[in-house]
Amino acid sequence: MSSKRITTPAVCFYFQVHQPYRLNDLRITDIGSVGPAGYFDATKNHAIFRKVAEKCYLPANALMLTLLRDHPDFKVAYSLSGVFLDQCREYGQDVLDSFRALAKTGQVEFLAETYYHSLSSLFSLGEFCEQVKRHADTIEELFGERPTVFRNTELVFSNEIAEIARLLGFKGILAEGADHLLKGREATTLYRPPRFALPSASKRIIARHRIHPRSAATTKILLKHYRLSDDIAFRFSNRTWPGYPLKSETFVSWVRENPGFTTNLFMDYETFGEHQWADTGIFQFLAALPGELRRQGIPTRTPSETIVAWARRPMPVLDAHVPYSWADTERDLSAWRGNPLQEAALRNIYSLESQVKASGDLFLLDTWRRLQTSDHFYYLCTKYWNDGDVHRYFSPYESPYEAYRRYSHAIEDLRLQLERAAEGKLIMEN
Amino acid sequence: MFGWEYPPVHCGGLGVACQGIVRGLKAHGTHVTLVLPHDTASEDGVSILTPADLGVAGLISVQTRLHPYDSVETFAARIAAQEADPALQELYGTDLGDAVERYTATAVELTKNVPADIVHTHDWMTLGAGARAAKALRKPLVAHVHATELDRTEFHPNAWIYAQELKGLQSADHVLAVSSYTKNLLVREYGIRADKITVLHNGAFAVPTHNRPFEKHGKRHPLVLFLGRLTVQKGVTYFLRAARKIADHRSDVRFVVAGDGYLLPQLIAQACDMGLADRIIFAGRVTNAEARQLYRKADCFVMPSVSEPFGLVALEAITHGAPVVMSRQSGAAEVIQNSLLVDFWDTDKMADCILTVLREEPLRRAMHSQTPRILRNLTWERQAGKILATYRNVIGGRNG
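Heads up: the sequence lines are chains A and B, in that order. One point on numbering: in this note's numbering, the residue at position 326 of the first sequence is 326, and numbering is uninterrupted. Position in the second sequence counted from 1, then plus 1000, gives you this note's numbering.
So here's chain A without its partners, still in its complex pose (with noise of 0.2 Å):
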C-alpha cells in the first residue's frame, strides 16, 4: 500500500467515437435486386452524423484543442471506429480535420481497434485480425502514428483476446476493471493476462498480420475506472444523483482521494453534448477539468505514456477465461449474445466468410464487414426490451424485432449475392 502512496496518482483519458450504418427498411420484395448498396439507410445515417457532429464532435473537438494549446501537460487518448472515418469521409471532412487538428498538438493518442467496431474476436480470427491491420493502417495514414495500444469493441476482453493483442505486437489493451474479475483488488495499477499458449495454427494466422515487426513482451492491461469513469458519463445529469451538481472541482478531489497508479477514465465521446446535453454543463465541466487537475496536482498520460511509466513494476494477473466487456450492469456479452435473434444474426453473418473471400469482390466485402457491427446486434437485445431502457433509447429501429426483419433481408440479399457472384453472373453497379 505505502508503494502506491508515494507514487502520483495519475488520470488517463480515453474517447470512444463510433458510428454505425444503420439499415434501411429493406422488403422481402427488395431481395436480389436491392443489392449491397442499397442495405443502409443514408439518409438517416447522415442526418444522424450531422445531427452528433453538431452536438458533440465538433463544439468538444474545438474546446479540446483550446485546452490542448492551453495546457501542454494535458494528454488524451481516442478511438475512432473505422465505420465512424468511413462516415467521417461522406458526411463530415469537417469532423474528421478537426481529429487531425487534435492529433497535430502532439498531446493526443489514437489506439487500434477493429475497423468495423465489430465482435470478430470472438468468431473468426483471421477476420479479426484483418480488420485490426486495415485500422492500424488506416490511423497511421490519418494521423501519422501507428497505434501501439489496443482496445477491441465495448472492451470485450479475454485471456485469448489479450494473447492475440500481445502476438500482434500491441503494448497495452484497455479492459473494464470489474468486480467479478478484480476481487477486491483496485483497478489503478496495471495488470497481465496470465500465461497462454495459443495453438499454433492461430499463431500462424496472427504472425501474417503482425502490427508490428515484434511481438510484445508482454501486454499491459488498463483497467477502466467504471464508477468515476460513470460519475461523468451516465450520472452528471442525474439530479436525483447526491454527486449532482457535478463541479470539476469535486470531481478531481474523489481522483485524489482514489489512490493509485493511474485512474483511467474510459467512456463514449458522445458523452460531451450528445448523451449529456450541453445545458448540463457537461461543456463547461470538461473545460475545467485541465486546469483543476493541474491545481490538485494529477498528471495526465496517455495509454502507452502510462505503460512506460509503470516500466517493471511487477504487475498482477488478471485472470478473463470468459470474455467479458463493459457494457450493462452485468459486464457480459449479453448485450450482443443473449437472445435467439443476436445468435442467429451472428451465425448468418459469419457464417458467410468463406464465400464472401472467395468473391474477391472487395464491396461485398466491405459490405459483409459493415453488418459486422455490434451496434446491429445490440438493437436485438430484448433483455430489457420491456422496461424501456438504455438499449431502447440507442437504437434507431421500433424494436428488436424489427431490426431482425432488416437485418435478416439484408443477409439474405447478400447471401443472393454472394450464390450469383460465384455463378460469375453477377455484374456490379460500381
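Because the hints were derived from the structure by calculation, they are not lab data. Nothing here was measured: the structure is a model prediction, and the numbers come from that model. Misleading hints may appear alongside valid ones.
[What the hints assert, rightly or not] Here are some of the chain B residues that sit facing chain A, going by a computed Cβ distance under 7 Å: (1) LEU1340; (2) ASP1352; (3) LEU1355; (4) THR1356; (5) GLU1360; (6) PRO1362; (7) LEU1363; (8) ALA1366.
No residue lacks a Cβ here, since even glycine has one placed at the ideal position from N, Cα and C.
The hints should help you fit chain B onto chain A, whose structure is shown.
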C-alpha cells in the same frame, strides 16, 4: 357493475374483459352484483345462469333486444329480420334509442335496492343506466371504456351515440381506459380531463404452461390467422390486401379469417376478386375452444385494426404461442412488446412482417420467449387490484 355480455355467451372482447374483471375483483374479496342484458329472442344461455355460475354475488338480468356491438343500422336490421310479429315490435320498438332508454329505465328500477359502494359500467350502452343508478344510489360512477364510437366507425360516428358517450363520460366520477391510446383519444376527441382517466390495460387469463414446440418448419402450408368481428374497425380488408401480396411471393401460405360480422359477404366477394379463393378460408364464428386451436396452429397472427382500444385477441394469440403482427393503432401494442408493429394501411410492410415471421424461426422463438414475462405482468388479479385502488381513490375523493 353493468355489463353487456358475459361468457359463455359473448361475441367480442368486452365479455371476456368483463369476466376477467369480475374474477379479479372476486379474488380481492370484492362483492360484485352484475347487471346483464337478457334477450328473450336470442340464446337461452344467460337466463339460466345463476350468480354462482358467473362468480358474482348477485345477478340482475334486464330484458332487452340490444346486442353489445349494435349500431343504429345493425339493430334496426336485426329487429326487422327477426320480428314478424308487429305486436312485439311495438312493445320493444325498432329504434336503438328507444331500446337503450327502455333498458336504462328497467335497469335503474331493478338496481335501486342494491347496497353498492360504487357503480362500474362498461362502454356506452350501459353508461346511461349506470349514471342514473349511481345518482339514485348516491354513489360514485366509474365508466370503463373498452371502445368508443370513433373506434367502431373509422371516425365517422353516429351523432346520437357519440352524444350519449360524451354525456355519460362527463357525468362519471372517474374513467378507466383500456390503453393510453384510448385515454389520448378520450382527451382529444371527447375533451375529458386527463387526470380523470386511469389507464387500465386488459389482463390475460392463466397462462397455459406448455411450451409451444418450435419444430422445424415441416408444415406444407404455413397458416396466417385473422380472428375478430368482421367490421370496419377490425381492418379485415387490409388483411386481405396483405394476403394478396404474400400470395404473390409464396404460394404455400394459407390464410384463415375467423369471426362473423356484417362485412362477411363483402369480404368473401373481395377475396374471390383478388384471386385468393384457394388461399383463404372464412371460418365464420368460432367457439373459444376452436379459437385456441387456431391460435396454436397459426404461424402468425395478424391484428390489422383501424383503431383498436386494446385488442384482446392479440393477447390471446401470444398466450397460445402465435407470433403477432399488429397495427400500431392499437392499445395492445403498449403491453405486447414482443410483436411487430405496422400502420394498418401499410399493407406492404404488413405483408413483409408476416413473411419475415414465416421465414425466420429464430424470430418466432425470440418473440415467444418474451410471452411469459408479459403475461405475468398482466394478470386480471393484478389489474383488478388497480381497479380497486381506483375505487378507493374515487370514494375517498367524494367523502373527503
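If any of the earlier hints don't hold here, list their numbers in rising order. none
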